[in-house]
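2 protein chains.
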Amino acid sequence: MAVTDEAITKIKDMILSGELSAGDKLPPEQELSEKLGLSRSSLREAVKALEIIRVLDVRRGDGTYVTSLEPKLLTEAMTFIVDLHQDKSILEIFEVRRILEPAAAAIAAGRISAGEITALRATMADISEATSVESLVEHDLMFHGLIAGAANNSYLASVLDALSSGTVRARIWRGLTQEKAVDRTLAEHAAIIDALERGDAELAKALVTVHISGVENWLRQAL
Amino acid sequence: MAVTDEAITKIKDMILSGELSAGDKLPPEQELSEKLGLSRSSLREAVKALEIIRVLDVRRGDGTYVTSLEPKLLTEAMTFIVDLHQDKSILEIFEVRRILEPAAAAIAAGRISAGEITALRATMADISEATSVESLVEHDLMFHGLIAGAANNSYLASVLDALSSGTVRARIWRGLTQEKAVDRTLAEHAAIIDALERGDAELAKALVTVHISGVENWLRQAL
DNA sequence: TCAAGTGTATTGGTCTGACGTTTGCGCCGG
DNA sequence: CCGGCGCAAACGTCAGACCAATACACTTGA
Chain S
138 MAVTDEAITK IKDMILSGEL SAGDKLPPEQ ELSEKLGLSR SSLREAVKAL
188 EIIRVLDVRR GDGTYVTSLE PKLLTEAMTF IVDLHQDKSI LEIFEVRRIL
238 EPAAAAIAAG RISAGEITAL RATMADISEA TSVESLVEHD LMFHGLIAGA
288 ANNSYLASVL DALSSGTVRA RIWRGLTQEK AVDRTLAEHA AIIDALERGD
338 AELAKALVTV HISGVENWLR QAL
Chain H
138 MAVTDEAITK IKDMILSGEL SAGDKLPPEQ ELSEKLGLSR SSLREAVKAL
188 EIIRVLDVRR GDGTYVTSLE PKLLTEAMTF IVDLHQDKSI LEIFEVRRIL
238 EPAAAAIAAG RISAGEITAL RATMADISEA TSVESLVEHD LMFHGLIAGA
288 ANNSYLASVL DALSSGTVRA RIWRGLTQEK AVDRTLAEHA AIIDALERGD
338 AELAKALVTV HISGVENWLR QAL
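Chains as they are written, first to last, in our numbering: chain S, 138 to 360; chain H, 138 to 360.
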């Protein structure tokens, strides 16, 4: 194994063993490279790799720190990866979403707060057939993100968020807007919010399933 | 933005734009660094980062290639990340598994082949109270992996695989074996296989839910 | 003729050392 | 007490050299 990969493993192990904890500052590159027995350049490659998956947080002029390792950070790393897989098999990704989103909605139905309901409704304001694609994507992401968040499971929210990365969604919306599907989407969103507000988990779950399936079917015939 | 991060973005964009496709060979580091306008050392950091998330495949003495970008590769990258999150909130991860695994089993029930059933049964052979933890983990991973695989959705299998990373499972099994829970697990696995073989999606789904929940509950009181 | 072995050019792997840039923080003066 | 200055620390980047593995063409022997 190359020295750089060894370094990656060693740093990972230091975190797993507790020698390094969330928020801890690593020794300076110079010092750490000596400790791990490799050059600074090689160590930097290792650090960069760990940085991109949000394990390390490098602050220029200050030092390198272990991130909080919160599930939320999993999203960013995963999104980056999923983005590159977008064209490969959007349908498979949608199938996973069709499993997770309804489940998230069902869980959310039992515990969602009035404030979150308000926030959900807010995502639908100012949306019309004339709204730009970028704005639609943004609001849609927020809508689904809020529901996932209301399910009170950061990992669920993260995975879902990653699978619904903006890039993928943008393409889909671009297609959907050409079919004047904005109204239908808004109506479905509204129905979902109502079900959540009433705490009707079964209905919320069904509505979300239908909602996702609708897009999925459109996508299936569009490909 | 730092030159290294720019390079990461540029390479990513080259893949997204189609300038680079799966399997393509990148220019030599020397040449690519000039093209992107940065030093070789900095470029190498970018390449290393993309390598760890399985976007690039670097072969010493040969060249650097774009990976197949198959969903399967998502697993490895995600596993690495999830491993580091293990202690944080295993319960949340389990909750996601409890959503996905039953769904996977339900899908699998309709399409699983005789060969896959045989393979599933094979994972249970030679297992007893005396089997080593490592072996138990390996067989357990295979069991769940086979079901996810039978659902015929690579992303589903990948996400599930990542969430069930070996490290996490090892700890759990270590605890379970201390409570002589091997027999019970085997019995549950057997029941799941039977349901799958009969194509009973509802039952398979329920059995898997129960199975996962059992471990989840043990975990909840163990923490 | 073909297969095995060999040699070389190509390409990534690693190191060293230098210098630029940013940031944190203590010191100093108002 | 507080704000600004300045130095030291730490990351960012680069250049150049050499090592090591691999691919591939070439040679050689069966």
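Worth flagging that the hints you see were computed from the coordinates, not collected in a lab.
One thing to keep in mind: the hints can contain errors.
No distinction is drawn between identical chains; accordingly, a pair holds when it is met within one copy or between any pair of copies.
Below are the DSSO-like pairs computed for lysine-lysine, each with C-alpha atoms no more than 27 angstroms apart in a straight line [stated by the list, open to error]: (1) K209 to K147; (2) K317 to K149; (3) K149 to K209.
All figures in this text were calculated on a predicted structure; none of them were measured in a lab.
Okay, the hints, checked on the actual structure:
no. : hint         : result
1   : K209 to K147 : both (24 angstroms within a copy, 25 angstroms between copies)
2   : K317 to K149 : neither (49 angstroms within a copy, 32 angstroms between copies)
3   : K149 to K209 : both (19 angstroms within a copy, 22 angstroms between copies)
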